[in-house]
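Visitor: Below are the chains, spelled out letter by letter.
Number of protein chains: 2
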Amino acid sequence: MYVHTPTPPPPAIRSAFFISDGTAITAETLGKSLLSQFSDVEFDIQVIPYVDTIELAKQAVERINRAFETSKLRPLVFDTIVSDEIREIINSANAYNLDIYEGLINRIATEINHEPNPHAGMAHSHVDSDDYKARIDAVHFALDNDDGARTTHYDGADIILIGLSRSGKTPTSLYLALQYGIRAANYPLTEEDLDTSQLPAALKPYHNKLFGLTIDTERLVRIRQERRAGSRYASLAQCQEEQRAIQAIYSSQKIPNLNVSEMSVEEIATRILQITGLKRRIGV
Amino acid sequence: MYVHTPTPPPPAIRSAFFISDGTAITAETLGKSLLSQFSDVEFDIQVIPYVDTIELAKQAVERINRAFETSKLRPLVFDTIVSDEIREIINSANAYNLDIYEGLINRIATEINHEPNPHAGMAHSHVDSDDYKARIDAVHFALDNDDGARTTHYDGADIILIGLSRSGKTPTSLYLALQYGIRAANYPLTEEDLDTSQLPAALKPYHNKLFGLTIDTERLVRIRQERRAGSRYASLAQCQEEQRAIQAIYSSQKIPNLNVSEMSVEEIATRILQITGLKRRIGV
Numbered sequence: 001m002y003v004h005t006p007t008p009p010p011p012a013i014r015s016a017f018f019i020s021d022g023t024a025i026t027a028e029t030l031g032k033s034l035l036s037q038f039s040d041v042e043f044d045i046q047v048i049p050y051v052d053t054i055e056l057a058k059q060a061v062e063r064i065n066r067a068f069e070t071s072k073l074r075p076l077v078f079d080t081i082v083s084d085e086i087r088e089i090i091n092s093a094n095a096y097n098l099d100i101y102e103g104l105i106n107r108i109a110t111e112i113n114h115e116p117n118p119h120a121g122m123a124h125s126h127v128d129s130d131d132y133k134a135r136i137d138a139v140h141f142a143l144d145n146d147d148g149a150r151t152t153h154y155d156g157a158d159i160i161l162i163g164l165s166r167s168g169k170t171p172t173s174l175y176l177a178l179q180y181g182i183r184a185a186n187y188p189l190t191e192e193d194l195d196t197s198q199l200p201a202a203l204k205p206y207h208n209k210l211f212g213l214t215i216d217t218e219r220l221v222r223i224r225q226e227r228r229a230g231s232r233y234a235s236l237a238q239c240q241e242e243q244r245a246i247q248a249i250y251s252s253q254k255i256p257n258l259n260v261s262e263m264s265v266e267e268i269a270t271r272i273l274q275i276t277g278l279k280r281r282i283g284v
Numbered sequence: 001m002y003v004h005t006p007t008p009p010p011p012a013i014r015s016a017f018f019i020s021d022g023t024a025i026t027a028e029t030l031g032k033s034l035l036s037q038f039s040d041v042e043f044d045i046q047v048i049p050y051v052d053t054i055e056l057a058k059q060a061v062e063r064i065n066r067a068f069e070t071s072k073l074r075p076l077v078f079d080t081i082v083s084d085e086i087r088e089i090i091n092s093a094n095a096y097n098l099d100i101y102e103g104l105i106n107r108i109a110t111e112i113n114h115e116p117n118p119h120a121g122m123a124h125s126h127v128d129s130d131d132y133k134a135r136i137d138a139v140h141f142a143l144d145n146d147d148g149a150r151t152t153h154y155d156g157a158d159i160i161l162i163g164l165s166r167s168g169k170t171p172t173s174l175y176l177a178l179q180y181g182i183r184a185a186n187y188p189l190t191e192e193d194l195d196t197s198q199l200p201a202a203l204k205p206y207h208n209k210l211f212g213l214t215i216d217t218e219r220l221v222r223i224r225q226e227r228r229a230g231s232r233y234a235s236l237a238q239c240q241e242e243q244r245a246i247q248a249i250y251s252s253q254k255i256p257n258l259n260v261s262e263m264s265v266e267e268i269a270t271r272i273l274q275i276t277g278l279k280r281r282i283g284v
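From first to last, the protein sequence lines are chains R and U.
Each residue of the first sequence is one higher than the last, beginning at 1 in the working numbering.
Each residue of the second sequence is one higher than the last, beginning at 1 in the working numbering.
FYI, nobody ran anything at the bench for these hints, they're computed from the structure.
Given the structure is predicted, the values throughout are model-derived calculations rather than measurements.
Check the hints yourself; a few may be wrong.
Claimed, not checked - Facing chain U, from chain R, some residues (calculated, C-beta under 10 Å): (1) Q37; (2) E115; (3) P200; (4) I255; (5) P256.
Ideal Cβ placement from N, Cα and C applies to all residues, glycine included.
Use the sequences and the hints to build the structure in full.
Guide: If you want it as structure tokens, here you go:
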């Protein structure tokens with residue numbers, strides 16, 4: 001007798017909601033960081049920003065309840081909603097609400113013996129503030145001084161990132177600008193520069209601003225292969241030779257440097273601040 | 001008789017520490033968001049990333065205790081340290097530790113009935129991951145298509161930001177790229193474009209990708225004055241005329257647009273996602 005074995009249904013995936021009356025960046029940052037501690041569990045992540053009316057709160061509750069109906073698993077809710085009225089509506093959903101924000105604000109208020117002044121949204125710098133100007137200036141500095149495009153403005157640089165082609169200099173420069181208002185130029189050391197075993201003339205006067213990024217050879221090969229498959233530029237021999245040469249420069253010139261192979265842009269940027277002691281221009 | 005009244009000492013400022021075994025971005029984001037709810041209280045903010053050894057934890061405790069000695073006010077500590085051993089050392093400081101992370105992780109573990117897999121550091125995408133590649137591609141797309149530099153690659157754009165000169169297009173494009181992997185071009189509508197009351201020819205085929213940024217006239221004047229004081233470009237009459245013309249285009253061409261005058265780059269970017277329904281390429 002043939003027994004039909006039904007395919008088991010796919011395992012239900014629990015939803016996690018990051019909800020805020022503002023951008024939801026805080027709820028999302030904290031929520032993702034917490035969920036990353038359960039790396040072998042899959043979550044269906046949903047971000048709902050700008051829940052700042054009763055109507056929008058009710059719509060969010062409907063979304064949460066639908067997620068519960070679908071998976072039969074109580075969604076996790078991370079919210080940073082300031083209004084009591086709106087938060088209570090969110091709390092009425094069929095979900096496990098960690099209710100982080102309200103509890104923490106009350107604990108801080110008790111500790112510092114001071115009432116909060118509740119207002120929605122983070123203290124980000126808007127487009128007419130000094131912080132915003134510092135940010136924009138830094139972004140334009142990074143753009144103008146990307147990839148060795150211009151080397152005549154290094155007097156104004158807070159830092160000059162150097163490294164081989166495709167070692168992460170450009171996104172790091174832009175992140176430093178956007179996040180910290182730091183003016184970062186970047187300069188790729190090319191084969192020509194590396195042949196001389198010397199710093200390029202344009203960089204020599206700015207020795208104390210230099211910071212090197214390095215990356216494992218096999219990763220460098222892989223990244224370059226994606227860009228120009230089969231080229232000499234992407235060959236193992238070429239990458240090995242460039243690596244040897246740049247390490248010799250870092251070492252003989254005593255240039256601080258960092259292997260970024262396992263790092264995100266966020267990590268590269270915060271490590272650079274830590275290693276160099278460079279001060280943020282905004283944000284603290 | 002002359003009575004000497006001593007100047008009262010300046011009020012003591014309480015310190016707030018954001019401490020992590022990783023970048024401290026989560027601790028800082030949450031901590032700043034919470035403290036922003038006490039906007040009339042001043043805090044001395046100190047970020048201590050990469051506290052991943054007992055020795056570094058002890059050094060952090062010394063810093064916290066010094067802050068307490070100076071102000072006689074218990075510092076607030078926001079930490080996201082995963083290791084029990086290191087967290088206990090931090091907890092020994094003379095401070096009020098909100099101990100957010102550990103408590104929340106345990107609550108999540110109970111709710112989802114699953115043990116955490118503790119590991120330091122956020123789940124950011126490192127330089128050899130798909131997310132990283134999407135990020136880098138988006139950053140390079142934004143750089144190559146900044147400020148109308150090139151209009152032949154708009155087929156590959158997820159969105160094309162338009163607006164007057166100095167309305168926040170460039171930093172928004174870069175933020176969309178770095179944070180969400182979205183490929184954003186940007187194109188400034190200049191006097192020449194505005195005179196015709198029509199969309200520039202380069203933009204016409206991409207009507208459905210256009211998104212307009214606007215800014216209050218008085219702010220635009222102020223921002224342009226800082227760039228070119230006394231110029232016609234920065235005059236009230238010129239700015240008013242450009243505003244009138246661009247609003248006419250947005251309205252006649254039915255282009256979604258956003259007044260970003262009171263917004264941070266973070267807020268502009270998240271609002272654009274919300275209004276357009278554009279999907280992130282990374283991060284969710």
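Visitor: Could you run down the list of hints and mark each one as holding or not?
Guide: Right, here's what the structure says about each hint:
At a threshold of 10 Å, the smallest CB-CB gap from R:Q37 to chain U is about 4 Å, leaving the interface hint in force. Hint status for R:E115 relative to chain U: holds, with the closest Cβ pair at about 8 Å, below 10 Å. Checking R:P200 against chain U: minimum C-beta separation of about 22 Å lies over 10 Å; hint violated. Because the closest C-beta pair between R:I255 and chain U is about 20 Å apart, greater than 10 Å, the hint is violated.
With a cut of 10 Å, the hint placing R:P256 at the interface with chain U is violated, because the nearest CB-to-CB distance is about 15 Å.
When the structure is compared with the earlier hints, violations turn up for hints 3, 4, 5 and for no others.
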